[in-house]
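Asker: Sequences listed follow chains S and C, in order. Take 1 as the starting number for the first sequence in our numbering and just add one per residue. Take 1001 as the starting number for the second sequence in our numbering and just add one per residue.
Errors might be hidden in some of the hints.
What the hints assert, rightly or not - Computed footprint of chain C on chain S; a stretch qualifies when at least three of its residues, placed anywhere within it, have a C-beta under 8 Å from a C-beta of chain C:
{"#": "1", "region": "422-433"}
{"#": "2", "region": "473-486"}
{"#": "3", "region": "490-502"}
{"#": "4", "region": "525-539"}
{"#": "5", "region": "614-628"}
Said to hold, decoys possible - Pair by pair, the computed Cβ-Cβ distance ranges are:
{"#": "6", "chain 1": "C", "residue 1": "K1043", "chain 2": "S", "residue 2": "A774", "range": "53 to 63 Å"}
{"#": "7", "chain 1": "S", "residue 1": "E648", "chain 2": "C", "residue 2": "L1015", "range": "49 to 59 Å"}
{"#": "8", "chain 1": "S", "residue 1": "A626", "chain 2": "C", "residue 2": "Q1243", "range": "38 to 48 Å"}
Note that these hints are calculated values from the structure, not bench results. Think of the CB as a built atom: it goes at the ideal place given N, C-alpha and C, for glycine as much as any other residue.
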Amino acid sequence: MRVPLSWLREFVPIGTNVDELVERLTMSGIEVETIEYIGVFSPKVIVGQITTCTVSPKDPKVHILTVSTPEPITVVSAAPNVAHGSGRVAVALPGATIIDRSKPGFAVRDVVLATLYGVSSNGLLCSDAELGIGHDHSGIRFFGDDAQIGAPALSVVPIDPSWEADVVLHLSILPNIARCQSIIGVAHEVAAIFGLQVTDLRDDAGPSIQSGPLDPILDDAGNCRRFSVAEVSDVTVGPSPAWLQRRLILAGMQPKNNVVDASNYVMLEMGQPTHTYDATKLTNRVLSVGPSKSGEKLRTIISDEQAEPMVLPSGILTIRSGDDPVAIAGVMGGKETSVDAQTSEILIESANFDLITIRRSQKQTKLFSESSARFSRGVDPALTDRAIRRILAILRFNSPLLRVHSVGDSKNISLDDFSITLSVSQINTTLGTQWSLSEIETPLRRAGLRCKPGTAADTLDVWIPTSRGDIREACDLIEEVARLVGYDRIPETMPTDPIPQATMDRAIRVREKARDAMVRLGYQEIMTYTLSSREVETALFAAHGVPESWVALELLNPVTVERSIGRTSLLAGLLGTLGLNARHTNGCHLFELGLVIHPQSSPSGGVILPKEPVHLAMVTSGPLTAPSMHEPEPRRADIADVIETIREFAHLLHLDKIEFEPATAPPFQQGACGKIVREGQTFGYFGLIHPQVLGRFDLGGRMVAGAELRLDALLAHAKDHATFREIPRFPGIDIDIAIIVPEEMLAGTIVTTATAAGGDLVCGVEIFDVYRGAQIQAGQKAIALRLKLNARSRTMQMEEAIDLRQRVAAALRAELNAVVRE
Amino acid sequence: MLEKLQQYYSTAKTLLQNTANLADLESFYREHLAPSGKATNWKREIGKVPVEERRAFGQAVNEVTSELLAAFETRRDLLKLKDIAETIAAQATDVTLPGRPLRVGGFHPSTLAVREVSGVFQRMGFMPFESAHVELDRNNFEYLNMPPDHPARDMQDTFYFSEDILLRTHTSSGQIHAMRRFAPEPLRIVLPGLCYRHENITPRSEIQFHQVEGLLIGPNVRMSDLKGVLLQFARQMFGPNQQIRVRGSYFPFTEPSVEVDIRCTLCSGEGCRVCKHTGWLELLGAGMVHPAVLRFGGYDPEKVRGIAFGLGIERLILLRHGIDDIRYIFQNDLRFLRQFGE
Ligand SMILES: [Zn+2]
Chain S
1 MRVPLSWLRE FVPIGTNVDE LVERLTMSGI EVETIEYIGV FSPKVIVGQI
51 TTCTVSPKDP KVHILTVSTP EPITVVSAAP NVAHGSGRVA VALPGATIID
101 RSKPGFAVRD VVLATLYGVS SNGLLCSDAE LGIGHDHSGI RFFGDDAQIG
151 APALSVVPID PSWEADVVLH LSILPNIARC QSIIGVAHEV AAIFGLQVTD
201 LRDDAGPSIQ SGPLDPILDD AGNCRRFSVA EVSDVTVGPS PAWLQRRLIL
251 AGMQPKNNVV DASNYVMLEM GQPTHTYDAT KLTNRVLSVG PSKSGEKLRT
301 IISDEQAEPM VLPSGILTIR SGDDPVAIAG VMGGKETSVD AQTSEILIES
351 ANFDLITIRR SQKQTKLFSE SSARFSRGVD PALTDRAIRR ILAILRFNSP
401 LLRVHSVGDS KNISLDDFSI TLSVSQINTT LGTQWSLSEI ETPLRRAGLR
451 CKPGTAADTL DVWIPTSRGD IREACDLIEE VARLVGYDRI PETMPTDPIP
501 QATMDRAIRV REKARDAMVR LGYQEIMTYT LSSREVETAL FAAHGVPESW
551 VALELLNPVT VERSIGRTSL LAGLLGTLGL NARHTNGCHL FELGLVIHPQ
601 SSPSGGVILP KEPVHLAMVT SGPLTAPSMH EPEPRRADIA DVIETIREFA
651 HLLHLDKIEF EPATAPPFQQ GACGKIVREG QTFGYFGLIH PQVLGRFDLG
701 GRMVAGAELR LDALLAHAKD HATFREIPRF PGIDIDIAII VPEEMLAGTI
751 VTTATAAGGD LVCGVEIFDV YRGAQIQAGQ KAIALRLKLN ARSRTMQMEE
801 AIDLRQRVAA ALRAELNAVV RE
Chain C
1001 MLEKLQQYYS TAKTLLQNTA NLADLESFYR EHLAPSGKAT NWKREIGKVP
1051 VEERRAFGQA VNEVTSELLA AFETRRDLLK LKDIAETIAA QATDVTLPGR
1101 PLRVGGFHPS TLAVREVSGV FQRMGFMPFE SAHVELDRNN FEYLNMPPDH
1151 PARDMQDTFY FSEDILLRTH TSSGQIHAMR RFAPEPLRIV LPGLCYRHEN
1201 ITPRSEIQFH QVEGLLIGPN VRMSDLKGVL LQFARQMFGP NQQIRVRGSY
1251 FPFTEPSVEV DIRCTLCSGE GCRVCKHTGW LELLGAGMVH PAVLRFGGYD
1301 PEKVRGIAFG LGIERLILLR HGIDDIRYIF QNDLRFLRQF GE
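Bound-form chain S, shown alone (with noise of 0.2 Å):
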């Protein structure tokens, strides 16, 4: 909503400081989004001294001047009264906005660095009528000499409100000051603020508009709440007065001609939309509100004449005269009914709409209007007689033998204030504030809510007037009493209710000490978007095929086809981002924790709410650190990185009985993929992402090793504190056994034969070699394992570890059919 503050003043004494109006409307709820300053109110519009001035050699007619601001500035202007000057002038320099004079009617612009005459111009000699402070435009303005250089000009000049020259303010609306849509509704709210009263609009002289002949016919649903028409005749379509015209401009509508002017204006000034019908187009002068039915078809005022008329939605509020609909109720009237320049009889539409009926109407059309903006927002529906009124004053500016012929006016609500009890206890233990009774009232009373003591003591009964939808409940009275009388104004306190006894809980408290374990493994933590494509997704099946099971989560609204699904994974995300950092950064170790989601089947085969498991995966690749003097190669990450940092994550995290079984998974590649199991659960996968894979996130030619984890289902079974084992106080002996065995033997079925044959003694069994080669037969490998021994409450002794050697030998051959070389 914009604000010329001069129509502003017309209802109410407001001051001349700005800034002061800008803070007090924001701080009690209202927002400032940006201030429009037009004419001498520009703070870039200065107080300047020619010092200089000398004919321009490309047109006599044009002077090249320097202008003190006190900064020396060079000046172009054409002004016939420069040569004769040499004193104090108004400069606008660029970022001004002055009248422009240039164009027939209220036009402004802004002031901008400008090559005149082959001279760089850094600002602009002001005429009285550029400056906006009177009509004169034969020359610029000259300034006394007591006017100081480089002050405001607006300091040197007295305020006057007949000039064009204005400050509009831009106000954002949200939902609860619908009323600000409107100079009599902002006028009201900054009474309040300030304790200042508001001067009404006169009710000019004029029919009163009531029911009669004309009542509209509502609709059964009761979306229209109140409908108020006025028939009249003998007007004369043209022009609007300039002074109307430049205030529809200030206030950012564009005029047309005095009838549609009439109606933007009253709706600016009082918050009511109207529309008006050229009378002798209607079948039927006796309107109805009702339903769109199906297949009907309406050309709006916007569309071109060309253009085919659009399909009304099935059901949607119409505006009816006979049979047709001749407008979208609240949203858009119809061209065919419209008025143009030969109309001379109108018919004046004033009404109500519920303002969810008109947000689907929008929603449904796609049109947006000045009008619906209004209604969709909620307008007060004891206005629609006195718009009527206000227009046809309005209109007498032009027609002034205008003839009102019949009125109507139906409604289905009451008018009638209600009123709400407050009590003054209520309202301090709510705030925590400690306000005496007419402290609260005096505010209230200040937004026109009428006030009077209610039947219990410290008790009020406040009258809300239909002007206040917003205020429904005693709470929406506190906030009104509270805002008013300033935030500022309540304590600060500490809440005295104790703390619940309720704990944290312990996923989210596992889950961050996850995040703490991946850091402190050496990987940087990324965070990608929830939402992904499809085909980034299923990229991660380039090698493998996408499976029939996998299915994602797809938006209805995307506002781009790489964020329309729920993201499935986190490997994909990871890989993106390797893919990115690649190429700047050589070694990346990166891992992501977050939601991945995954769509569940509805029974009837609608969407339902998915699965939003945790999922942790990191991936890893190039040089383990930066290359330096003291390392110019480092060894780059390989697949046993990524092993280790999950047994060392799972170690940090207190998860025992991990262990890796081979696996075969997308996006890995054959032979060098693993699944995490715990007792037979599978909890993840891992290995080296598969060429092809690679190939579509831009890392061809790269070894990338990585995994995925399920981490709120393994976290689940994370212990809270360590285990503690007894350190050995004894000496222990570790003795090695060499073995041959096949190819495909697993190292982990080989430790865990070694570890259940040793027993109590054995504490530790380890994989210290494997080799193939020369001296070992094709298909076979030999491998080194040493025992871990030790007694734990006495020596080891040498006799009992040789016993013991045999005996895990005895076991590798016979269940694992191993060669034991001695």
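Once you have looked at the hints, place chain C with the ligand on chain S.
Answerer: Same frame as chain S, but now just chain C with the ligand:
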């Protein structure tokens, strides 16, 4: 004999003085002072000298041995010091050379900020609570006092999966879940998490962002508690002299609704470009829980009141680090992420 002993002593002493390092010294020890060494062997000679000279000779042997041992020890201390000096000389380093690169992990800046903000509230007794990102329309809107087609829905553009399933536009949807789980008990929770808005990704807007919301419900909760808690928060986050400014605003789920500003951290309130010359920066939205929301959550608004507040984490990051493009946050350029060094 005594003469020979004297000769040995002077030869051995010269040998000892000539040892150049600890290894030489060790072989000297083995040759002379060890149990079968030359000095020890002299003891065996004692029996071979005539009886009347034996006592004097024995004494001489002992003297020679103990003097050699003493000289050995002196020599050993000297060589040890020399050895250390050599090691030190060999280890001299140009300390202005680069060090050996380490591999250090790091957190995403949003994690750090979420933890910091929710940590301040946790220390005031607010317990973390989380809920689903994909939500029912009623939990995200209806139960928060925004029925279908409510004007406030214009304020939040929403991603929909179906007519009634959407990506939550605020963590306030979690308020409903928490209230329904704990009502009628008092509640003091903080709700951190990602939220989503149907927007174009530009330097100033993102389709996802983190919010941290707080919710306090109890029989004695007051608007002044909201101011107290948020002042405390502002001081913990931005310094002990911070001030807050509370001004009117609108949210459908709170009544009264306010915006809370802090003194501009860049200009300390003097006015600068970042604070648009007001001296204040918008910190968060807050208010008293609307009675309708309390009712939807299973509370009796006659018996309890609530306060709620919510702030955007990424906005805070941009503000604090002077970042002018929000797209950095989820682009995950390592050159960006590594700057946060925590
Ligand atoms: Zn500032």
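Asker: All the hints need checking, so say for each whether the structure fits it.
Answerer: We went through each hint and held it up to the structure:
1. For the region 422-433 of chain S, the proposed coverage by chain C is satisfied: 5 residues have a C-beta within less than 8 Å of a C-beta in that chain, meeting the threshold of three.
2. By the rule of at least three residues with a Cβ nearer than 8 Å to a Cβ of chain C, the coverage given for the region 473-486 of chain S holds, with 7 such residues.
3. For the region 490-502 of chain S, the stated coverage by chain C is satisfied: 12 residues place a CB nearer than 8 Å to a CB of that chain, which reaches the threshold of 3.
4. Restraint check on the region 525-539 of chain S versus chain C: 7 residues with Cβ-Cβ distances below 8 Å, three needed, restraint holds.
5. Given as covered by chain C, the region 614-628 of chain S passes the check, having 5 residues with a CB less than 8 Å from a CB of that chain where 3 are the minimum.
6. Checked against the hint of 53 to 63 Å, the pair C/K1043 and S/A774 passes, with Cβ atoms roughly 60 Å apart.
7. For the hinted restraint 49 to 59 Å between S/E648 and C/L1015, the CB-CB distance of approximately 56 Å keeps it satisfied.
8. Distance hint for S/A626 and C/Q1243: a CB-CB separation of about 45 Å, consistent with the stated range 38 to 48 Å.
In this structure, none of the earlier numbered hints is contradicted; all agree with it.
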